[in-house]
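Chain A is already provided as a structure; the job is to place chain B on it using the hints.
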Amino acid sequence: SQQGEEDPQALSIQEGENATMNCSYKTSINNLQWYRQNSGRGLVHLILIRSNEREKHSGRLRVTLDTSKKSSSLLITASRAADTASYFCATDAGGNKLTFGTGTQLKVEL
Amino acid sequence: NAGVMQNPRHLVRRRGQEARLRCSPMKGHSHVYWYRQLPEEGLKFMVYLQKENIIDESGMPKERFSAEFPKEGPSILRIQQVVRGDSAAYFCASSPPGRSNYEQYFGPGTRLTVT
Chain A
1 SQQGEEDPQA
11 LSIQEGENAT
21 MNCSYKTSIN
31 NLQWYRQNSG
41 RGLVHLILIR
51 SNEREKHSGR
61 LRVTLDTSKK
71 SSSLLITASR
81 AADTASYFCA
91 TDAGGNKLTF
101 GTGTQLKVEL
Chain B
1001 NAGVMQNPRH
1011 LVRRRGQEAR
1021 LRCSPMKGHS
1031 HVYWYRQLPE
1041 EGLKFMVYLQ
1051 KENIIDESGM
1061 PKERFSAEFP
1071 KEGPSILRIQ
1081 QVVRGDSAAY
1091 FCASSPPGRS
1101 NYEQYFGPGT
1111 RLTVT
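Protein sequences, first through last, are from chains A and B. For the first sequence, position 71 matches number 71 in this note's numbering, and the numbering has no gaps at all. Just so we're on the same page, this note's numbering is the position in the second sequence counted from 1, plus 1000.
The following block holds chain A by itself, in its conformation from the complex:
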């Protein structure tokens, strides 16, 4: 099964609302990263949180990490139509090899 699994699989919200996505993983990690992928495009790195960190912010993004529960969440505040994309979490358990989850498809409607 996937190392990282995102929940929900799909999310549809109105512009201006907040979007929260969750990620669970199975093994110990060095860091966890969130990426965005627009349809048919490459991945854009959003944020990296190390295993000794609990929360991190970047602009409208807020990421939390709970290593005891092996879970992370990504919060996008005041969403915009341009945030419509698929969001993936990826874990690095050491060795620089990223293990990706199956992604959350976010749709932000006007």
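Treat the hints as calculated values from the structure; they're not laboratory data. Model, not experiment: these values are computed from the prediction. Treat the hints with care, as some may be off.
Dumping the calculated DSS-like pairs for lysine-lysine here, alpha-carbon to alpha-carbon at most 30 Å [said to hold, decoys possible]:
{"id": "1", "chain 1": "A", "residue 1": "K56", "chain 2": "A", "residue 2": "K26"}
{"id": "2", "chain 1": "A", "residue 1": "K97", "chain 2": "B", "residue 2": "K1051"}
{"id": "3", "chain 1": "A", "residue 1": "K97", "chain 2": "B", "residue 2": "K1044"}
{"id": "4", "chain 1": "A", "residue 1": "K107", "chain 2": "A", "residue 2": "K69"}
{"id": "5", "chain 1": "A", "residue 1": "K70", "chain 2": "B", "residue 2": "K1044"}
{"id": "6", "chain 1": "B", "residue 1": "K1027", "chain 2": "B", "residue 2": "K1044"}
{"id": "7", "chain 1": "A", "residue 1": "K97", "chain 2": "B", "residue 2": "K1071"}
{"id": "8", "chain 1": "B", "residue 1": "K1027", "chain 2": "A", "residue 2": "K56"}
{"id": "9", "chain 1": "B", "residue 1": "K1044", "chain 2": "A", "residue 2": "K56"}
{"id": "10", "chain 1": "A", "residue 1": "K26", "chain 2": "A", "residue 2": "K70"}
{"id": "11", "chain 1": "A", "residue 1": "K26", "chain 2": "A", "residue 2": "K69"}
{"id": "12", "chain 1": "B", "residue 1": "K1062", "chain 2": "A", "residue 2": "K97"}
{"id": "13", "chain 1": "B", "residue 1": "K1044", "chain 2": "A", "residue 2": "K26"}
{"id": "14", "chain 1": "A", "residue 1": "K69", "chain 2": "A", "residue 2": "K56"}
{"id": "15", "chain 1": "B", "residue 1": "K1051", "chain 2": "B", "residue 2": "K1027"}
{"id": "16", "chain 1": "B", "residue 1": "K1044", "chain 2": "A", "residue 2": "K69"}
Relative to the frame of chain A, chain B by itself:
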């Protein structure tokens, strides 16, 4: 500073032909990674290379697939005798030398279609 470059962006091959996918890492990056993405799925790690060395190929299929990152020039992912199941998007990523716990920068991908 140009990002990770991949070419071609789209590649169509008939069953049995060879596919060569190229990746030029970001300037100053010496670590290269290849990932494969099937439709509606997340990315799956294939191989991790440094200049002239394969560091981790645990995600590579045992047959028909090979990867290299020569001293000079781009990294190459080579798929021999392609089959329909090889149709996917192949992404390359790079990261700086001698460092861990840093993000990987992804290229735009090569979309391989096997007919």
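The hints, checked one at a time:
With a C-alpha separation of about 21 Å, the suggested pairing of A/K56 with A/K26 holds against the 30 Å cut-off. As the CA atoms of A/K97 and B/K1051 are separated by approximately 17 Å, the hinted pair is consistent with the 30 Å bound. Proximity of A/K97 to B/K1044 is assessed by CA-CA distance (about 10 Å); at most 30 Å being required, the pair is judged to hold. Annotation: proposed proximity of A/K107 to A/K69 holds, straight-line Cα distance about 28 Å (limit 30 Å).
Distance hint between A/K70 and B/K1044 is fulfilled; the C-alpha atoms sit about 20 Å from each other, no more than 30 Å. The straight-line distance between the Cα atoms of B/K1027 and B/K1044 is roughly 25 Å, inside the 30 Å bound, and the hint therefore holds. Annotation: proposed proximity of A/K97 to B/K1071 holds, straight-line Cα distance about 22 Å (limit 30 Å). Taking the CA atoms of B/K1027 and A/K56, the gap is about 28 Å. The hint holds against a cut of 30 Å.
Among the hinted pairs, B/K1044 with A/K56 is consistent with the structure: their alpha-carbon atoms are about 26 Å apart, no more than 30 Å. Between A/K26 and A/K70, the direct Cα distance comes to roughly 7 Å. Compliance with the 30 Å bound is thereby established for this hinted pair. The suggested pairing of A/K26 with A/K69 holds, with an alpha-carbon distance near 9 Å, which does not exceed 30 Å. For the given pair, B/K1062 sits about 18 Å from A/K97 by alpha-carbon distance, which is consistent with the 30 Å threshold.
For the hint linking B/K1044 to A/K26, the alpha-carbon distance of about 16 Å falls within 30 Å, and the restraint holds. Distance restraint check for A/K69 and A/K56: the Cα-Cα separation of roughly 17 Å lies within the 30 Å cut-off, and the hinted pair is therefore satisfied. Between B/K1051 and B/K1027, the direct Cα distance comes to roughly 13 Å. Compliance with the 30 Å bound is thereby established for this hinted pair. Pair hint B/K1044 plus A/K69 holds up; C-alpha atoms about 24 Å apart against a cutoff of 30 Å.
Consistency note: the structure conflicts with none of the earlier hints.
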